[in-house]
Amino acid sequence: MTETIAALLLLGGAAFMMVATIGALRLPDFYTRMHAITKAGTLGIGLILVGIAVFFGDLSATTRAVAVIAFVLFTAPVSAHMIGRAGYLDEVPLWQGTLVDKLRARYDDLFDKGDQPPARRASSPSASDG
Amino acid sequence: MEDLDGFLLWAVFISLAIISLAILGAFVRLIRGPSLPDRVIAIDLVAYLTMGFLATYSVLIQEETYIDVALVLGLLAFLGTVAFARYIERIHAEEETTEL
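Chains as they are written, first to last, in the working numbering: chain F, 156 to 285; chain Y, -11 to 88.
These are calculated hints, taken from the structure and not from any lab test.
Incorrect hints may have been included.
[Said to hold, decoys possible] Computed beta-carbon distance windows for the label pairs: (1) Y:Arg74 <-> F:Pro183: 36 to 44 Å; (2) Y:Leu48 <-> F:Gly252: 39 to 47 Å; (3) Y:Thr85 <-> F:Phe229: 29 to 37 Å.
[To be verified] One-sided and incomplete, this derived list gives chain F residues near chain Y with beta-carbon spacing under 8 Å: (4) Met172; (5) Phe210; (6) Val223; (7) Phe226; (8) Ala241; (9) Val255; (10) Asp256.
Beta carbons: idealized from backbone N, C-alpha and C, even for Gly.
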């Protein structure tokens, strides 16, 4: 019974990791890819490590598994936030179907006034109404 | 501990195969880019996937020390991503000041 639960958790974690990779390959722009990688990657690792804790079933392995899960849960949002902000400041283009860009208003002083935001206004004229 | 029996053994093998394919896919994104942050998050994804691979492998050989290896790998990936983020922001800031 325990091994069956561990096996299902391992398979679930691997499936989430595959979803993360498919998202990284298929999604249209940098920001959506970052979102897919961080969320699905975190959940995949979490499921696999819970499976490990179930499989070994002793205090030592469970403590380490919980430590790794906590570490990933703390660091994944931080690194995703930093790299997303760096990409935005580096003017990585948004997807051309993007409608709302709320971050833009906070960085008006960093971009020139007449400057186009990361390449999308031309393709969707009503975007600035957001 | 005794050897793994049927279902769990197959689950471990299938998980390792899926994660290996996922690592290949992450490397495809790493090569295609197109921007530097895209490549950085592709490396990030490779690190996550390798952590999952190590964790699954620790079940296969029943050696829980590999969990610690996954923890260290996660720490290095986090530091690398943060360093790249600072680097990209600094490049942007230097370009701004030289343009003005």
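These are the hints, each one checked on the structure:
1. Y:Arg74 <-> F:Pro183: 36 to 44 Å: violated (27 Å)
2. Y:Leu48 <-> F:Gly252: 39 to 47 Å: Given range 39 to 47 Å: holds, Cβ gap about 43 Å.
3. Y:Thr85 <-> F:Phe229: 29 to 37 Å: holds (34 Å)
4. Met172: holds (5 Å)
5. Phe210: holds (5 Å)
6. Val223: holds (5 Å)
7. Phe226: holds (6 Å)
8. Ala241: With Cβ-Cβ at 4 Å, under 8 Å, it holds.
9. Val255: violated (21 Å)
10. Asp256: violated (17 Å)
The structure shown violates the earlier hints numbered 1, 9 and 10.
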